[in-house]
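Protein sequence lines, in the order shown, are assigned to chains L, W and E.
Quick note, the first sequence lines up with residues 26 to 308 if you use the numbering used here.
Quick note, the second sequence lines up with residues 32 to 336 if you use the numbering used here.
Quick note, the third sequence lines up with residues 7 to 231 if you use the numbering used here.
What the hints contain is simulated information worked out from the structure, not anything from laboratory work.
Here a beta-carbon is modelled for each residue, glycine too, at the ideal position from N, C-alpha and C.
It is possible that part of the hints are untrue.
[To be verified] Restricting the straight-line Cα-Cα distance to at most 30 Å, the calculated cross-link-like pairs of lysine-lysine (BS3-like) are:
id, chain 1, residue 1, chain 2, residue 2
1, E, 65, L, 88
2, L, 256, E, 145
3, E, 65, L, 264
4, E, 8, L, 82
5, W, 332, E, 145
6, W, 107, W, 196
7, L, 88, E, 145
[Unchecked claim] Restraint ranges, calculated between C-beta atoms of paired labels, are given here:
id, chain 1, residue 1, chain 2, residue 2, range
8, W, 327, L, 206, 36 to 42 Å
9, E, 169, L, 209, 30 to 36 Å
10, W, 137, L, 151, 32 to 38 Å
11, W, 137, L, 154, 45 to 51 Å
[Unchecked claim] Partial chain W-side listing against chain L, Cβ under 7 Å, derived:
id, residue
12, 74
13, 78
14, 79
15, 147
16, 178
17, 244
18, 255
19, 304
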Amino acid sequence: MSRTAVIVFAGVVALFVVSWMVKAMVLADVSETNIVDAFMVTVAAFLTLAIYSFLYKDNPYYKFAEHLFVGVSAAFWMVQGFWTTIVGNLLPRLSEGLATWFQQPYQGGGYDLGVFVFPYSIMYWIPVILGSLLLMRLSPQGGWLSRWPLALIVGTTAGLNFVRYLRSDFIVQVAATFVPLFGRDPHPWQGFGHFFSNLDLSASGQFVALLSNWVIFIGVFCGLIYFFFSKEHTGAFGKASRVGIWILMITFGASFGYTVMGRISLLVGRLTFLFRDWLGLIS
Amino acid sequence: MTNIGVILTLIVIFGGLLWLLVRSISGREVDRRIIFLFIFVSVAAPIIFQITFKERATPVVEALFANIDGLPAGSKVLISFDFDPAMAPEVQPMANAMSRHCLEKGHKIVFMSLWATGQSLMTTTLSRVILPEFPEKVNGVDYVNVGYKAGNEGVLNVIVSDFKKMFPTDVNGVPLDSTQLFRDIRSCADLDLIIALGGGRPGPKEWVLFVGDPADVPVGVGVAAVVAPQLYPYFPQQIVGILGGVKGAAEYEQLLIATHDRFVDMETPGIDMMGPQTLAHVVIMAFIVIGNIAFFRSRSKGGSK
Amino acid sequence: MKRQIPLLITFFVGTLLIISVFVPPLGDLERDFTLFFDIIAVFAFFLGGGNLLRIHLMKLANRRKDWGFSAVTVSGFLFMLAIGLFKVGNPGGIAEAVDAEGSWFKVMFDNVINPLQSTMYSLLAFFVASASYRAFRAKNREATMLLIAAFIILLGRTPLGVMLTGWIPEWMSVAQIPNLAVWIMNSPNLAGQRAIMIGISLGVIATSLRLILGVERSYLGGDSD
C-alpha cells in the first residue's frame with residue numbers, strides 16, 4: 026500500500042469512528058440499543074459512500090463494497106430458499122419427523138392414481154434427486170448429470186409459458202386492438218355533422234378518444250409490419266413499416282422518460298437516507 | 032430559510048447550466064464528474080430544503096384507487112411484494128399507501144412475495160406501518176403474511192388453483208387452515224383483488240399471465256418506472272390500474288390524503304420525492320438541449336463530432 | 007443416455023403442463039410437477055452459492071490478483087449463511103421467519119444488502135445524465151420524435167408540466183403537457199408496446215414448442231452422446 030493509501034484509509038477509519046460515536050450520542054435519547062443502532066447506520070452510510078466513490082474513479086473501497094454485496098446476496102437467497110421452500114414445502118412432505126423437528130405441519134398424503142395413492146414421502150424424492158444432480162455441475166466428471174434437472178426446468182418453463190403467452194399476450198392483445206374507430210361509450214358515433222359541430226380538443230373529448238383508437242389500431246398494425254422481415258420493406262409495405270418505426274420511436278421515447286424517472290428516484294432514496302437517517306439534516 | 036435555499040439552488044444550477052452551455056458551444060471537453068455534480072446538487076438541494084408539490088392523479092392511478100375504495104369491507108386482497116432494494120424507493124411507498132388504504136376500508140390482506148428480498152421488505156412495511164398505525168388489526172384475521180416461496184411463475188401456477196399446497200403455513204409456521212382469513216380461500220380465484228408490486232421478473236406481468244387471466248381475478252399493479260410503459264397494453268382489460276414509479280406513488284398518496292382524514296398526517300415519501308425528481312428532470316432535459324446545441328453548432332462548422 | 011433422457015424429461019413435463027390446462031383431472035399432477043420445479047429452483051440457489059464459493063476459494067488459494075477482495079466475498083457469504091441457517095438473534099423459535107425484526111439476518115439485510123444494492127442501481131442516475139449530455143442527438147426525424155416524446159413525458163410526469171401549460175383552456179386541454187403525456191402513454195406507447203408484446207409472445211410460443219419437441223437442444227450443451 027502506498028503512503029497516500031494508508032493516510033486515506035486512516036482518515037476513513039477515523040471518520041467512521043467519529044460518525045459512530047456522534048450518532049450513538051444522538052440516538053441515546055430514543056433508543057436503548059443506541060450503540061448498535063448507530064454502528065449499523067454508520068456501516069450503511071459508509072457502504073453507500075463506498076459505492077458512490079466509483080463516480081470519481083475505480084478504487085479499493087468500491088471493490089470492497091462490490092465484493093461484499095456479491096457474497097452476502099448469494100447467501101441471502103440461499104438461506105431464504107432453504108427456510109421457505111425446502112423447510113416449508115419439501116421436508117414436511119418427506120418425513121413426519123423432520124416436519125416435527127422444524128415445527129412445520131406434516132403434509133402427508135399423496136397423488137391419487139385411482140388404483141392406489143402414490144405417497145408424497147416417496148414422490149418428493151424426485152426433486153431431491155434432481156436437485157442433487159443439479160449440484161453435480163460443480164463436479165468436472167458428473168456435469169452431464171445436471172442436464173436432467175435442467176431438462177425439467179426447461180420443460181416446465183416451456184410448458185407454462187406456451188399457453189399463458191398464447192392467451193394473454195397474443196389472443197387477448199390481438200382482440201384488444203380491434204377497437205371501434207367511430208366512437209363508443211361515452212362518445213357514441215352520431216354522424217359527421219354532430220362530430221364536426223361539437224369538435225373540441227379536450228383530453229376527454231370525442232376527437233381525442235377517436236384519435237386514440239385510430240393510433241392504437243394503425244400503430245399496432247404498422248408496428249407488426251416493421252417486425253416482419255420476410256418481405257422487403259418497399260412500396261406500401263415500406264410506408265407502413267415507416268409508420269411502425271415512428272410509433273416505436275415514440276414508445277422508446279416514453280420508455281426513456283420513465284427510465285430517467287426511475288433512476289432519479291433511486292438516487293433520491295439514497296440521498297434521503299444519507300441526509301435523514303445518517304446525518305440528521307432533515308426530519 | 033426554504034425560500035432562500037430554493038433561490039440559491041436555482042441560481043447555482045442555472046448558472047452552472049449557462050457555464051456548461053458556453054463551454055459546450057466553444058467545443059471544450061466537460062469532465063463527466065461535473066455532470067455528476069449537477070445531478071447530485073439538483074437532487075440533494077430539494078431534499079434538504081424539502082420542496083414538495085401537490086399532485087394531480089392520472090386516470091390509471093385513479094382507476095386502481097377507485098377499485099380498492101369501491102370493494103365492500105371484508106373483501107380479500109392479496110398484495111405481492113415482488114421487488115428488491117433497488118426498486119424499493121419507488122415501490123415501497125406504493126406498498127405502504129395501498130396497505131393503509133385496504134386496512135382502512137376493512138379489507139382482509141394476504142401478503143406474499145415471489146422475491147426473497149420482498150419478504151424482508153414486507154417485514155419492514157408490517158413493522159413500521161401496519162403494526163404501529165393499525166394496532167386494532169389482528170394477524171390471521173385482518174391480514175396474513177405468508178412470505179416468500181422460490182420458483183417464480185411456478186409458485187403462481189400452483190396458487191392459482193390451490194393456495195395451501197404452496198403455502199401450507201404463514202411466514203411464522205402457523206398453519207393457514209387455522210387462520211380465520213383463509214377459511215374461505217382455496218385458491219387465487221377466491222380473492223377479490225390482487226395487487227402486484229414489483230418491476231422485474233417475476234412480477235406484475237407474470238401475475239396477469241399466470242393468475243389474473245386464468246382465474247379471472249382483477250389485478251392492479253404498482254411498478255418501478257422502468258417497466259410501467261410495458262404494462263399499458265394490459266390496461267384496462269387485464270389490469271385495473273397502474274402506479275408507475277414514484278409519481279404513481281405520489282398520486283396515490285395525494286388521493287388517500289384527500290379522501291381519508293385519518294391519513295392527513297401520514298408519511299408521504301412519494302410526494303416528498305417529487306421535488307428532487309422535478310429539478311433533476313429539468314437538469315437532464317437541459318443536458319439534452321445543450322448537448323444538441325453543441326452538436327448542431329459543431330456540425331454547421333463542419334466538425335466531425 | 008446423456009441427451010435422450012433430458013429430451014424425454016423436457017417433452018414429458020412440457021406436454022403434461024400444456025395438456026393439464028385442458029384436462030382438469032391432471033391438475034394435481036401438474037401442481038406436483040410445478041412444485042418439483044420450485045424445489046429444484048432452491049437447489050439452483052445452492053448451485054449459485056457453491057459456484058461462487060469455489061471460484062473465490064480458488065482465487066484465494068492461488069493468491070491471484072485482488073485475492074483480498076475474494077476473502078471479503080467469502081467471509082460475507084459464510085457469515086450471512088451462518089446467521090441465516092442458525093437464525094442467530096431470532097426473537098422467535100425455529101418456526102419464526104428467518105428475517106423477523108430483531109434477527110441478525112434482518113439487520114444485515116437492512117444495513118448491508120439494502121444500501122449496497124440500492125446505491126449500486128442509483129449510480130445509473132449519474133450515467134443516464136452523462137448519456138443525456140453526450141449521446142442523445144436529434145440526428146434524424148426518428149431520433150427527434152424519440153426526444154420529443156421523452157421531453158413530454160419528463161415534463162408531464164412532474165408538477166412542472168401543470169405550471170407551464172395549466173393556462174390552456176379546457177376545450178383544448180389535450181395540449182396541456184400532463185394530458186399529452188397521458189395520451190402518449192395510452193395511445194402511441196400502448197400501440198408500440200403491444201406490437202412488441204405480440205412479437206415476443208410469438209417468439210416465446212415458437213421457442214417453447216421447439217424445446218418441448220426437442221428441436222431446440224442448445225441448453226444441453228455441446229457434448230454428443
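Checked hints:
At most 30 Å may separate the alpha-carbon atoms for a hinted pair to count; residue 65/E and residue 88/L meet this at roughly 15 Å. With a CA separation close to 28 Å, the supplied pair residue 256/L and residue 145/E stays within the 30 Å bound. A hinted pair counts as satisfied when its Cα atoms are at most 30 Å apart, and residue 65/E with residue 264/L does not qualify at roughly 57 Å. With a C-alpha separation of about 48 Å, the suggested pairing of residue 8/E with residue 82/L is violated against the 30 Å cut-off.
Restraint check for residue 332/W and residue 145/E: satisfied, since their Cα atoms lie roughly 16 Å apart, inside the 30 Å limit. With a C-alpha separation of about 19 Å, the suggested pair residue 107/W and residue 196/W falls inside the 30 Å cut-off, and the hint holds. Between residue 88/L and residue 145/E the CA atoms are separated by roughly 38 Å; this puts the pair beyond 30 Å, and the hint is violated. For the pair residue 327/W and residue 206/L, the beta carbons lie near 40 Å from each other, so the given range of 36 to 42 Å is met.
Under the hint 30 to 36 Å, the C-beta atoms of residue 169/E and residue 209/L, about 35 Å apart, fit the expected range. About 44 Å separates the C-beta atoms of residue 137/W and residue 151/L, a value inconsistent with the hinted range of 32 to 38 Å. Judged by the Cβ atoms, the range 45 to 51 Å given for residue 137/W and residue 154/L holds: they are separated by roughly 48 Å. For the restraint placing residue 74/W at the interface with chain L, the shortest Cβ-Cβ distance is roughly 5 Å, inside the 7 Å limit, so the hint holds.
Here the hint on residue 78/W is kept, as its CB sits about 6 Å from the closest CB of chain L, short of 7 Å. At a threshold of 7 Å, the smallest CB-CB gap from residue 79/W to chain L is about 6 Å, leaving the interface hint in force. Hint status for residue 147/W: holds, given a least beta-carbon distance of 4 Å to chain L, under 7 Å. Proximity of residue 178/W to chain L holds as hinted, the smallest CB-CB distance being about 6 Å (cut-off 7 Å).
The restraint placing residue 244/W at the interface with chain L holds, with a minimum CB-CB distance near 5 Å, inside the 7 Å limit. With a cut of 7 Å, the hint placing residue 255/W at the interface with chain L holds, because the nearest CB-to-CB distance is about 5 Å. With its C-beta approaching chain L no nearer than about 5 Å, residue 304/W sits inside the 7 Å limit, and its interface hint holds.
The structure is inconsistent with the numbered hints 3, 4, 7 and 10, although it conforms to all the rest.
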